[in-house]
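Chains as they are written, first to last, in this note's numbering: chain A, 1 to 541; chain B, 1 to 104; chain C, 1 to 201.
The hints are simulated quantities; they were obtained by calculation from the structure and are not laboratory data.
Accuracy of the hints is not assured; some may be wrong.
[Stated by the list, open to error] Under 10 angstroms between C-beta atoms, here's a sample of chain C residues computed to sit facing chain B:
hint	residue
1	8
2	39
3	41
4	59
5	66
6	95
7	148
8	155
9	158
10	162
[Said to hold, decoys possible] Pulled from the structure, derived: some chain C residues nowhere near chain A, Cβ distances all over 10 angstroms:
hint	residue
11	16
12	23
13	144
14	167
All residues carry an ideal CB built from backbone N, CA and C; glycine is no exception.
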Amino acid sequence: MGDTVHEASGPYFAPAGGRPGLLGWITTTNHKRIGILYLSLIGTFFTAAVVLGVLMRIQMQSPGMRLMDARTYNVMFTLHGIIQIFLVVIPGIPTIFGNFALPMLIGSNDMAFPRLNLFSWYLFLAGALLAAVAVFTNGGAPDTGWTFYVPFSLKTTVNVPLATFAVFVLGMSSILTGINIVTTVHQLRAPGMTFFRMPLSVWGLYSTAWVQILATPIIGITMLLIVVERLFGIGVFDPTKGGDPLLYQHLFWIYSHPAVYIMILPAMGIISDIFPVFSRKNIFGYKMIAFSSLAIASVGSLVWGHHMYVSGQSDTADIVFSLLTFLVAVPSAIKVFNWIATMYKGSIRLDPPFLFALTFVVLFSVGGLTGLLLGALSSDVQLHDTYFVVGHFHYIIFGGFGFGLFAALHYWFPKMTGRMYSKRAAILGWLVTFVGFNAFYFPFLIMGWEGMPRRYYAYLPKFASLQGFSSVGSYVMVAGLAVIFVNLLVSARRGEKAPANPWGGATLEWTLPSPPPLESWEKAPTVVKGPYDFSGIEEGR
Amino acid sequence: MSESETDAEEGAARRREPGYGTYFKVWAALACLTALTVTSASLNLGKIAILVVLAIAGTKAVLVLLYFMHLRYERRLLVKLLVPIVVATLAIFIGLTYTDILYR
Amino acid sequence: MSERESAYDPDRGRIGMWLFICTEILIFGGLFLLYSVYRYKHSADFHAAALNLSRLDGTLNTMVLITSSLTAALGVHELRSGRPGRSRLYIACTLLLACVFLVVKAFEWGAKFEHGLYPGASHLLSLPPGQILYFGLYFTMTGLHAIHVIVGMGVFGFCLRSISKGSTSASRPVLIENATLFWHLVDIIWIFLFPLFYLIS
Numbered sequence: 001m002g003d004t005v006h007e008a009s010g011p012y013f014a015p016a017g018g019r020p021g022l023l024g025w026i027t028t029t030n031h032k033r034i035g036i037l038y039l040s041l042i043g044t045f046f047t048a049a050v051v052l053g054v055l056m057r058i059q060m061q062s063p064g065m066r067l068m069d070a071r072t073y074n075v076m077f078t079l080h081g082i083i084q085i086f087l088v089v090i091p092g093i094p095t096i097f098g099n100f101a102l103p104m105l106i107g108s109n110d111m112a113f114p115r116l117n118l119f120s121w122y123l124f125l126a127g128a129l130l131a132a133v134a135v136f137t138n139g140g141a142p143d144t145g146w147t148f149y150v151p152f153s154l155k156t157t158v159n160v161p162l163a164t165f166a167v168f169v170l171g172m173s174s175i176l177t178g179i180n181i182v183t184t185v186h187q188l189r190a191p192g193m194t195f196f197r198m199p200l201s202v203w204g205l206y207s208t209a210w211v212q213i214l215a216t217p218i219i220g221i222t223m224l225l226i227v228v229e230r231l232f233g234i235g236v237f238d239p240t241k242g243g244d245p246l247l248y249q250h251l252f253w254i255y256s257h258p259a260v261y262i263m264i265l266p267a268m269g270i271i272s273d274i275f276p277v278f279s280r281k282n283i284f285g286y287k288m289i290a291f292s293s294l295a296i297a298s299v300g301s302l303v304w305g306h307h308m309y310v311s312g313q314s315d316t317a318d319i320v321f322s323l324l325t326f327l328v329a330v331p332s333a334i335k336v337f338n339w340i341a342t343m344y345k346g347s348i349r350l351d352p353p354f355l356f357a358l359t360f361v362v363l364f365s366v367g368g369l370t371g372l373l374l375g376a377l378s379s380d381v382q383l384h385d386t387y388f389v390v391g392h393f394h395y396i397i398f399g400g401f402g403f404g405l406f407a408a409l410h411y412w413f414p415k416m417t418g419r420m421y422s423k424r425a426a427i428l429g430w431l432v433t434f435v436g437f438n439a440f441y442f443p444f445l446i447m448g449w450e451g452m453p454r455r456y457y458a459y460l461p462k463f464a465s466l467q468g469f470s471s472v473g474s475y476v477m478v479a480g481l482a483v484i485f486v487n488l489l490v491s492a493r494r495g496e497k498a499p500a501n502p503w504g505g506a507t508l509e510w511t512l513p514s515p516p517p518l519e520s521w522e523k524a525p526t527v528v529k530g531p532y533d534f535s536g537i538e539e540g541r
Numbered sequence: 001m002s003e004s005e006t007d008a009e010e011g012a013a014r015r016r017e018p019g020y021g022t023y024f025k026v027w028a029a030l031a032c033l034t035a036l037t038v039t040s041a042s043l044n045l046g047k048i049a050i051l052v053v054l055a056i057a058g059t060k061a062v063l064v065l066l067y068f069m070h071l072r073y074e075r076r077l078l079v080k081l082l083v084p085i086v087v088a089t090l091a092i093f094i095g096l097t098y099t100d101i102l103y104r
Numbered sequence: 001m002s003e004r005e006s007a008y009d010p011d012r013g014r015i016g017m018w019l020f021i022c023t024e025i026l027i028f029g030g031l032f033l034l035y036s037v038y039r040y041k042h043s044a045d046f047h048a049a050a051l052n053l054s055r056l057d058g059t060l061n062t063m064v065l066i067t068s069s070l071t072a073a074l075g076v077h078e079l080r081s082g083r084p085g086r087s088r089l090y091i092a093c094t095l096l097l098a099c100v101f102l103v104v105k106a107f108e109w110g111a112k113f114e115h116g117l118y119p120g121a122s123h124l125l126s127l128p129p130g131q132i133l134y135f136g137l138y139f140t141m142t143g144l145h146a147i148h149v150i151v152g153m154g155v156f157g158f159c160l161r162s163i164s165k166g167s168t169s170a171s172r173p174v175l176i177e178n179a180t181l182f183w184h185l186v187d188i189i190w191i192f193l194f195p196l197f198y199l200i201s
């Protein structure tokens, strides 16, 4: 293996020939650097969104709290949603780890379109800047919810056009990333890496990329139509001109439901890479997991109407979408069973990546089960637009994508930085975050069941103790997040040097030095075995 | 045709792309179909009018895809499958939306 | 980037371009979804509104775009056969035909503005909702299409330069192949827009 690897090149983040310093970074076309560029932006946006979330929890701490008025609260949850969804969770794993790790995982030196890759990052940055400008201009930040429902989004006097245009630009970035990933997987796999020898994280990114390509255009046109409607009054969503507000909801959710699969599929893929390594055993049911990723991507595009059960859509549509929604739970369940089965009779090592991966499975399962209650028509009538929904999607998105992201960060940190973090600090951060998370969000499920509506800045006294408890839980969780991130940030500079393969992984990135050079391989490696075949590989420390 | 032009036609056949003849025939077919669809519009076909018009437009689109865009000569399965995938996706989006529109 | 990696992969750019074309089809698809629902709900109004459009102009523009697709395809053919001069000639024809399309469109839109048939006009707002929606969709869809025509023209302009510099040639035709793929898509979209807006019987 050693003779096919660049020996004498420095790490990918060291100043290379060409432009020095910051300029060198923002004009790079190298996939590893672009991954870090995304990581730095997304980390910033996530922090901002968490701050907004904390402010919301302070407001909700007691029934009489008036940290902000109702309109400001509306702005808070709108911005929190826009940032988390469009700037953190949707781009998150495909742009950070799709870029950093995917080429290495398939034995390639870069993505199919390196310059397009950089352009995607510029579009991402542009979208973020446009959104920031929208907050401070022309009436200020939107207060419509991240969902921009009509007719309110057409009438409210805030800067909806710029905010929706920002979403459009971010959508373009996402589409280009998807195109890059699909082409890379089809064209740049190393010799011997058949589709069924690809790591499952690649299958996750690949399935996701198809959703990015096929679904994102719809949100693109929908956001454009909001702008056109506000500027020119064409009437397509305006009942006074014959327009149908429900068509807006259809168009919006036709993208935004598949979007949640963009959020979760890459995370699931990475979990599928992590389980075998830390069980030191081949994944159970490789092909089923691979196909389930494709199944989730396709069936997941058929269920959007479950966001609209009580919107006024027809009963027929309600029934059709409910049936399809139950179907899409099946491939996810298959994955959960296969992950657990992988552990059976394996040699388990509870290192931080695996702790996060295990919690992913637990929290995602809770979120998924609560989804069943929402997918069923009769219970959804009670639960729609309550805190139950908010609890459901935070379990799935934060418990799922979030913990999946933390798992990926802790798994690939040695590869990215060449250093190891403090495992004790990581475990402490994990524990505090996990406890805080559940103290924070489990009450949401209870309160929602008892009728607490979502997006309200105040509430009846009967919710006071649960709301208060939940807020405290959120502060604990944030403390846990702080431990996690301080650990990673400090260790990135001062951690112990890490070996090439600290975990004993069998996928190709672990054959490269930690950190890898700008160009991974002088000659493409030849792949002769599967991604979870540990024969001949030293166990992790 | 001059020698270089015959060579070009052979080169085209070897490279598996259309030659001048094919391109012009497709253009003529597109022109005829355009005339056909305009005529059909003045025929007052009632309910099937939209189907006729879409069928003709679909045929024209398929001709452009196959010959002008070279799908007839495409080797990669991935590329050949793309338009059917997109059409199926759109059909699903529109179809499922109609479960609402038709039955409200 | 090592030279080995940028060794010419003839499929890569084409696959990427086709994936991009898929996204464009879907963007217009969303608008076709809206059109389909509103026409279903207001078929009589759509028919009445369509009478305001000139079938002659529409048919002319349809033939202009179809012919421009032909010239664009021939432009690729000539470049791949090793005749860049003729290729540039055909591309110039395509650009000319595109201009004709835009000029006709400008006249059509001008006529609508004169008759008060544009979004926000008080005359339009006095008409039944189906007609308001028809014109709302008409301007949005033909407008978005026209933007794509202009972008396509820009790309072809860039192609002309690239061919004369030799960076696009018989051995590296990816740029012009992808440019014409985009142009044919623009043609296909119009192939659907034409009967849906002009030929409602």
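Here's how the hints hold up against the structure:
This hint is violated: residue 8 (chain C) has a C-beta 15 angstroms from the nearest C-beta of chain B, more than the 10 angstroms allowed. Satisfaction of the interface hint for residue 39 (chain C) is found here, the shortest Cβ-Cβ separation to chain B being roughly 8 angstroms, below the 10 angstroms cut-off. Evaluation of the residue 41 (chain C) hint against chain B yields a held restraint, the C-beta minimum of about 8 angstroms falling below 10 angstroms. With a least beta-carbon distance of about 6 angstroms to chain B, the hint placing residue 59 (chain C) at the interface is held under the 10 angstroms criterion.
With its C-beta approaching chain B no nearer than about 5 angstroms, residue 66 (chain C) sits inside the 10 angstroms limit, and its interface hint holds. For the restraint placing residue 95 (chain C) at the interface with chain B, the shortest Cβ-Cβ distance is roughly 17 angstroms, beyond the 10 angstroms limit, so the hint is violated. For residue 148 (chain C), the interface hint is violated, the least distance from its beta-carbon to any beta-carbon of chain B being 15 angstroms, above 10 angstroms. For residue 155 (chain C), the interface hint is violated, since its Cβ never comes within 10 angstroms of a Cβ in chain B; the closest pair sits about 16 angstroms apart.
A least Cβ separation of about 20 angstroms between residue 158 (chain C) and chain B goes past the 10 angstroms threshold, and the interface hint is therefore violated. Because the smallest distance between the Cβ of residue 162 (chain C) and any Cβ of chain B comes to about 20 angstroms, over 10 angstroms, the interface hint for this residue is violated. A beta-carbon of chain A is positioned within 10 angstroms of the beta-carbon of residue 16 (chain C); the least distance is around 5 angstroms. The claim that residue 23 (chain C) is not at the interface with chain A is violated, since a C-beta of that chain comes within 10 angstroms of its own (minimum 5 angstroms).
Here residue 144 (chain C) does not stay apart from chain A, with its beta-carbon only about 8 angstroms from theirs, under the 10 angstroms limit. Against the 10 angstroms criterion, residue 167 (chain C) stays outside the reach of chain A, whose nearest CB is about 15 angstroms from its own CB.
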